[in-house]
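If you're matching them up, the sequences are chains A and B in order.
Just so you know, we're using the numbering used here here: the first sequence kicks off at 1 and counts up by one.
Just so you know, we're using the numbering used here here: the second sequence kicks off at 634 and counts up by one.
Treat the hints with care, since some could be wrong.
Here are some of the chain A residues that sit facing chain B, going by a computed Cβ distance under 7 Å [to be verified]: (1) L53; (2) R56; (3) V59; (4) L60; (5) Q268; (6) P286; (7) H288; (8) I412; (9) P413; (10) A474; (11) G476.
Hints are computed from structural coordinates only; laboratory data are not their basis.
Since the model is a prediction, treat every value here as computed from it, not as a measurement.
Yeah, the Cβ is synthetic: ideal placement off N, Cα and C, and Gly gets one too.
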Amino acid sequence: MAKAVGIDLGTTNSVVAVMEGSTPAVVVNSEGSRLTPSVVAFTKTGERLVGQLAKRQAVLNPENTIYSVKRFIGRRFSEVQEEIKNVPYRVVPGPNDAVRFLINGKEYSPEEISAIILRRLADDAAKYLGEKVNDAVVTVPAYFNDAQRQATKDAGKIAGLNVLRIINEPTAAALAYGLDKKKDETILVFDLGGGTFDVSILDVGDGVFEVRSTSGDTHLGGDDFDKRLVDHMAEEFLRSQGIDLRKDRQALQRLTEAAEKAKIELSQTVETTVSLPFITADASGPKHLEMKITRAKFEQLTADLVERCVGPVKQAMADAKVTENDIDEVILVGGSTRMPAVQALVRRLTGGKEPNQSVNPDEVVAVGAAIQAGVLSGEVKGVVLLDVTPLSLGLETLGGVMTRLIDRNTTIPARKSETFSTAEDNQTAVDIKVLQGERELARENRTLGNFRLEGIQPAPRGGPQVEVTFDTDANGILTVTAQDKGTGKEQKITISGTTQLSKDEIDRMVKDAEAHSDEDKRRREEIEVANQADSMAYQVERRLRELGDQVPSNEKARAEQLISDTRSVLKNTPPDVARLRQLTSDLQQMAHALASTPSQSASAAGGGNAPESKPAGSAGSDDVIDAEFRRAG
Amino acid sequence: MQPQTNNPTTLEPDAERERLKADVQREHDMYLRALADFENYRRRVERDRAKAAATGTRDIMLSLLDVLDGFDRALPYFSAAPASVAEGAQAIHRRLLDLLSAQAVTPLETVGTPFDPAIHEAIGSVESDKYPSGTVADEVQRGYRLGDELLRPARVRVVT
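Construct the complete structure from the given sequences, taking the supplied hints into account.
Next comes the structure, spelled out in structure tokens:
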């Protein structure tokens, strides 16, 4: 069966994506890239090149290399006079004031050029999938008028594609985030690409999107940011070395590439170094460029570019008659939205709302188009949509910590088992407290249910093995089973509706966990260190008892001192973690020393299953994990 | 073959229906589980692959080429340095070349060959009486293959 693809036909670059099962995937083209430059070239030998190859020969053949065709499609010749000034190829009037490109003496319409790009993208997708590609959803800017949309559709037809639908880029972005399922929300889409800036305000309700307003700047994008950095570096170099690198084409190219790289790095780090050895030379010899650039400096150089985004956002909000408080969701599109200063600006303009940015901003539009293509071609209906657990599921273990069995975002149905043990000697019952949430401590999470497994044979702590199984079926119904491996006794609980939390509630719980993550980690660590120290003290004590008189009295006194010190530190809340670590390590050494003491009754006393010689917390202890139940009752 | 009368369907239609119903339910559950397993597996593979690509040979080699470019640019100045210094630097350069060739990174031969955008990136054009029009006149930055694949195109100037 032929597949339907989603195509983001961009001004500078295009992306094609396709549904694989229930998940959209971006197609990797034949050059190994996920982006294909929207460039078409006609060579002197009559060859037609598309994408990266067309771009590589552009300087040799500028008059026959067409880029930015999106700025011309569906427009009248009289409307595009300003655009014509920016391009080296020949744009001429066609019939009815249409736009035509004059290439090697032949006229081409913008539709024909776009068709060549679309065909290439569809071919790449077909190669990637190993199937034919006939149907496509193509995206256009929200501000495109009927003529521009029709022309884009015609381009698809010329390419031999059945265009299922033309959808707006911001709508596609919203689809990629599943926002079509929202009821009566207002969405702001902030799209800052390589060369254009668009802001759109959408309304969504009953799966239908309505564009309420659009605004933007057709000549603002990441390239402008690069240029600021180039100028800054070139001027610094001119000041210190007296040479203007911008006059040397080769040096300028290196500088431009280095600037883009530095810009990208500065989204991750607060400082980077641009290093261009042998960038140029004069009579005195070779010259090197070595320059440290801080994020603060970069933001200072580009502050006015960022500010240029403010007007269009305010305009779009005014046109849609909304204030920042009316915006429910914010979506970032375009690689330039990775810049921290841009993100800060978006937050500032939308009342501090956290923008959606988990989908790659370069690909989010194509991904949304692919989802739409999947729905329209019936593919998405055909597959079983599998749910995921919105929050982690686990149980409470010794010291009140949550031990996760099924992680958040695991596709269900899912099943997971782990073996636990008792926390006290002769413990005959364990309480299983089933938890849901992302916090480290049990009491901060939701308790879904409780049950008790009784009838465990009395044994030293750590001896009994209780296997706990979490099983979530496709409907989110969770069954927790605990089985005592010694007696085969089993107890279970079934909890329904583990996936039916409201999104707000899930968001709140996840955010809560993030906000408390440092504090939670510290508290969990305290508990774990305390558990380990307690367990170690117990083992040393037990070993001492077993060995009786065989232990030299001075060693015995020292061991007892360590045990009592540990227990007294454990009485404090919060415990002194550093001190406990030290004591645990001392106890561990003591345990090793005692282990090498020959025990006359070792086999008799230990009964062969000797957990006593195992250092506590050594994760290697089969599949009995370190966490233990609390004492029942 | 069993005689018709022994067919449980005719004997106990209700029980049989219940059994089949339970069977279908079990099978469907297994099917969903298989799908879920695959979905989780796919997610993991994707994560692993992304990680592998990030730390992969290709990226490492590409960043090493940056170092090699530095050497290529420095080479013309070696003659100005004391002979012993130049020799040492050249030894380091050779060491780097050997290391790359051991990883199947090979330079592209470009000068004098016809311009080919599949492996060349044009950065300008020049006049030449040595080479015919449309061929590569000189190389500004060397291009490399990794095995059979293009690692980086050569930056070249082409004869007008």
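List of violated hint numbers, smallest to largest = 5, 7 and 11
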